[in-house]
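There are 2 protein chains.
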Amino acid sequence: MGITGPSESGPSTPSGSHGLDVEEATGDGAVKERTSSSSKLMFAPWQSAVDEGFWHRLASFKLETQRLAEHPVAISGFFAPCSHPQIPSHLQLMEESLPADPGGQSTVSFAVQGNRNKCPVPGTLYNSNTLEGFTGLDTPSLLKSTTQQIWEDIQSGRAEETSNLLNRFLLISFADLKKWSFSYWFAFPAIVITPPVTKSSCRPVSEIFDEKESSAIREACSEWRGTPATASSSFFLLHFTSEGAVIARPIKDWKLAHEEGGTVIAAFYDPCNISTNPGWPLRNLLALGVARWEVNELRVLCYREKRGFIDLQLSLIVDVQLPELPDWKAPGFVPKSVGWELNSRGKARPRIVHLAATMDPQRAANEAADLNLKLMRWRLLPSLDLPTLSTTKCLLLGAGTLGCQVARGLLAWGIRHITFVDYGKVAMSNPCRQSLYNVEDCLSGGRLKVDAAADSLKRIIPGVEASGVFMSIPMPGHSVSPGELDQVLADSSRLKALVDEHDVVFLLTDTRESRWLPTLLCAEANKVAINAALGFDTYLVMRHGAGPVGIQGESSVTTEAEGSVQARSGRLGCYFCNDVVAPLDSTANRTLDQQCTVTRPGLAPIAAALAVELAVNLLHHPLRINAPADPAVSITDTTAEPLGILPHQVRGFVAHFSQMVVVGSAFDKCTACSSTVVEEFRRRGMEFVIEVLNRPNYLEDLTGLTEMVAATQDMSLDWDDEGEFADEV
Amino acid sequence: MGITGPSESGPSTPSGSHGLDVEEATGDGAVKERTSSSSKLMFAPWQSAVDEGFWHRLASFKLETQRLAEHPVAISGFFAPCSHPQIPSHLQLMEESLPADPGGQSTVSFAVQGNRNKCPVPGTLYNSNTLEGFTGLDTPSLLKSTTQQIWEDIQSGRAEETSNLLNRFLLISFADLKKWSFSYWFAFPAIVITPPVTKSSCRPVSEIFDEKESSAIREACSEWRGTPATASSSFFLLHFTSEGAVIARPIKDWKLAHEEGGTVIAAFYDPCNISTNPGWPLRNLLALGVARWEVNELRVLCYREKRGFIDLQLSLIVDVQLPELPDWKAPGFVPKSVGWELNSRGKARPRIVHLAATMDPQRAANEAADLNLKLMRWRLLPSLDLPTLSTTKCLLLGAGTLGCQVARGLLAWGIRHITFVDYGKVAMSNPCRQSLYNVEDCLSGGRLKVDAAADSLKRIIPGVEASGVFMSIPMPGHSVSPGELDQVLADSSRLKALVDEHDVVFLLTDTRESRWLPTLLCAEANKVAINAALGFDTYLVMRHGAGPVGIQGESSVTTEAEGSVQARSGRLGCYFCNDVVAPLDSTANRTLDQQCTVTRPGLAPIAAALAVELAVNLLHHPLRINAPADPAVSITDTTAEPLGILPHQVRGFVAHFSQMVVVGSAFDKCTACSSTVVEEFRRRGMEFVIEVLNRPNYLEDLTGLTEMVAATQDMSLDWDDEGEFADEV
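Protein chains in written order, with the working numbering: chain A, 1 to 729; chain B, 1 to 729.
Derived by calculation from the structure, the hints in this document are not laboratory data. Do not take every clue at face value.
Claimed, not checked - Derived PhoX-like pairs: lysine-lysine, alpha-carbon spacing no greater than 25 Å straight-line:
| hint | chain 1 | residue 1 | chain 2 | residue 2 |
| --- | --- | --- | --- | --- |
| 1 | A | Lys425 | B | Lys179 |
| 2 | A | Lys329 | A | Lys40 |
| 3 | B | Lys425 | A | Lys458 |
| 4 | B | Lys425 | A | Lys179 |
| 5 | A | Lys118 | A | Lys306 |
Stated by the list, open to error - Stretch-level coverage of chain B by chain A, calculated; a stretch enters the list once three of its residues show a Cβ under 8 Å from a Cβ in chain A:
| hint | stretch |
| --- | --- |
| 6 | 373-381 |
| 7 | 408-415 |
| 8 | 419-429 |
| 9 | 458-471 |
| 10 | 603-613 |
| 11 | 646-654 |
To be verified - Pairwise CB distance ranges (calculated):
| hint | chain 1 | residue 1 | chain 2 | residue 2 | range |
| --- | --- | --- | --- | --- | --- |
| 12 | B | Leu623 | A | Glu52 | 51 to 61 Å |
| 13 | A | Ser444 | B | Val192 | 43 to 53 Å |
| 14 | A | Asn526 | B | Val581 | 49 to 59 Å |
Glycine included, each C-beta is placed from N, C-alpha and C at the ideal position.
Okay, chain A solo, but in the shape it has when bound (with noise of 0.2 Å):
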């Protein structure tokens, strides 16, 4: 007789019909007349129910706490005695079946009692890497071992103890997380007992006891069942005493309830509701009479509930004949058992779940997202801190080709935080080389471009918590006129919040003086900015060195910064430290292809990859902005971090093929980052950069870059090709 279990593609649908399991190659089908003298017993087989929460919690339990490993993890299946005739002899595996996540809430464990409902079964996973693993698992000695456990604590009295352990179950498994599929076989392993156990008897309980017996029956069993240190306890006896009581007690009173006089019938939480048959938790307890109480007659209560009380009618007596086995007790001596569950076919076969067709698309995706980056945990990168990178918030000024390929690198990075700001609509030239937008964005004079990047990164992860600020950055040398003043006050204003809002600030804007102010903001509230700016065929990577705190002690190249730990080489440069003279407005008379991206296609995607690999490797440096600058190391070097050296800057050559790292000091004239500049800014605040914006030269004269020009006139200075690179739009 087939078992029908749950469907191949449904994960939880319960079958209507039921099957009966005898003894594996035996199988007459006969279903004796109930009422028959003697027959062979049967038992209807557990049915396997795993809801997707499972699967869930057992994905992320693989990608985060198992990973690579295949060590065995005991988990927990759930069942009832039979109270819902459409769902008999469910083996119910949920959420809570597996360990919970590290640092999660707690799971229930096997030992946690009292809920009637949810009476726990201990199992066993085998989760394998490989499909080939799961197919190639030796299924017969997998049974064979947890047999021989459950025999062991029938041996040992251990499963009197803790009666659940008889109902022990199996399960092997493989996770395909990137289909969302899983393969599954479950084995309930019951020991065979040859010669078969027969049946004198089998009837509802309500035919063999009269009324005021059934009455205390179902008292006896209501106390145990209302009791929370028995509640879920599912195997137990009833003790009629001599004095006319019945009295529910645990199985490991077997012997002294016998002492006490009077007699006791076994009884167990039956999950089954056939009328003919009990279920299969009673064959271990079968065998657990044979071995442990020695007995060869017993009468068996299954006890099925209606409404939370004992059922009399659906609930059987069975009086069984048990055979004498000598051979079990010889030493080392370990029944056969049968167990392994047949799938919808009839099958002995594993069963497979499709779960991506089911999923919701927001929670499938949001958890494919993490798939890469948490299988870089098991083996290559197992310090990846995706806690932090899912919690760092970017700001990313400028949202076009570099914009658009650091925010896409970002995503892939499990970075869930991104701000976009930009003043500009998406033109018809944008989207062949700024990869957020579509044509569709372009129509109708074009999509305001932080609005159509934010939903752009929320059609890749739609998690993530992508936004956009439409607005400009005020700039040295764009003069404003007193009817603009308000307008420029609020933007830099809202600036400063920005950047005080967010942790890394990504400089990637298409001007050299729309980078002052960011710059600026930056070093004054110590936040890590990481800039990015295109030549035609070159390009430069950075990240600025920390703000002057304490605004003293701070010097250029040689004089080393008190207590810092960018000591050994003062403190890191910003992108203007290399300048002698403050930014002006570059945007004026410009030539078409001066305005626009007029940069080899291939240089904007490398700039923006090494930019976000280099906020990834600060990110998981314990100093972050006060990392100091590693130098270049050679290829054939192994580096101590697992995530790579920490370079200041990075400067390539997409003509050469070739790219290098450069090591740049703060300039103690620097227009942007000085201490100079910075404590003008906290002591005049934004009237500081107003008179910036309209009058340039001012910021020449506050650093003595002025004096210092006029001084060092014939000088040559020590890598002054920064011109060369034209920024990007």
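Add chain B to chain A, keeping to what the hints say.
For chain B alone, coordinates are given in the frame of chain A:
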């Protein structure tokens, strides 16, 4: 009185109202009764009417021909004697007003005669590079110099030979091709006669002449207009001969006609349809009358048409009194002029037209996509060969992380033919790294990657020819069962056909063995193969060497291939040239982290960008696939080629932020590109392929690798770190 022209937002909407022009500053505005015996003559000015086609042509002319140059360009306007009351005095500019694209169809030249409804008017375009340049143009000087040209043409008699020269006009413009907006301003220079010309009469032809005379006039005009040589000559004479005939003659016949006797009236194609005033062209004709014919009185026919014939009611006969102007005879004298067109609000100001909103989005997108590339040719990369790139057919094997990014890079470089080959569907974990997919592509089990990728490219550039082939690539070690044989043979043949149909093949698949057959097919067909492979934090980007075309003389490292242009270092190697084992099934028994793209997210964008840059460099090399490998150069060296060096392999190490250029020669025992293998494939065809799939050792035996490995068991190989490249999913 104001002049109404095209509105500021629409390029060619004719206004319903008309204006008249009096001398610039005087303007008392009184339009005197046409019967008034003597009053100042006033003229209806030209109204510019620019077709959208003109602006599109200007855009491509600027981008592709003019580029950074700002020299004046000869253009043509067109008009007809007013035959449509709704579009009076329109001087029209259309696509053919500008010089043809180089290599495109020829455009009308000013000299082209014959189209009576498209009388050409010579103009000069000053197109500025910047808005600042445009607004800074010295408009008085420009007008003055054009007036001087007209004046010289009058003086020299050239204006009588080619009368349309009297209508000379000026156009200044700035084309913002990023926003598709055009700032422009027309001037129609008219020589100012002071004291002003007065009219003694201005009446319809039908009121001046009787029916017979009118009929003769009609006849004469019809002949003039019907003769190709004169049809578009917009100034002419009507000679009323002594014999009573009426003959239309060129204006250069003025003296001759008078000598022949009778009366002569001057005529001009009048674009104006106002019944009270002549149109603008009369002004310079009157100047010619004063300066060249030295007349004090002149009768003029304002020739206006209806249905192809003179309209005797609408056409005017104007009798004018011309002042004596002795100073006009002074040497070097140039008369004053007026003529800058007024805008729709009656101000002498430039206009601006925004085409982005009205352009066909498909066309706009396609044109915009090329904008950055065309701009590159202006200055930085004049040798950029866009025609080659736009016709190069690229085959992308793999539409995963690398495939998506390579396709984007190719689009950005102007490649317009892309075919994807892939056998996968878009999974939920793909969008955050595979930049052509969104969450929508993952629903309902996922779209085929090849379809989703091709559609995505069309959303970036509608004009791209992108398609996808859903097929798996036959792989060594993945043995073929009899039932699969037909499919595998079909796949192999299909792949061969695809390689043959394309110019460049990108190898971007997720396993080593899936690169074998494409490598062999490229070697056999001598097709450019570009290969990119990713490790966890390392990447390899390479081009395969030429195939062993001659099937002889090929060898490894030291021996020089006969006649090969790669002779210096022998034929360049392929991806398999460093292997001493044939490719094997590497997909079996892979754990989840081995199945998925467990690479640093930054790798794929970098490797893909470099693969595209390498391909583009190769396509610009005259030797193409036979180009020798450039060695690494110092970053301080400048490269001879504007696109930089053409290396063989680039290896990158993201953990070190470094990258190096490597050269490797072809290996005579290579399992994919050696002449032995290519020869065997040519001899046995797909039978050979099937044998390789089923028996990978076969390749090792065939090439002699088996022997070699046995002989050199102890030798350490030159660089055997290839294994670290885990490929990409």
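Exercise. Which hints from the list above does the structure break, by number from lowest to highest?
Worked result: Going through the list in order, the structure violates no hint and respects every one.
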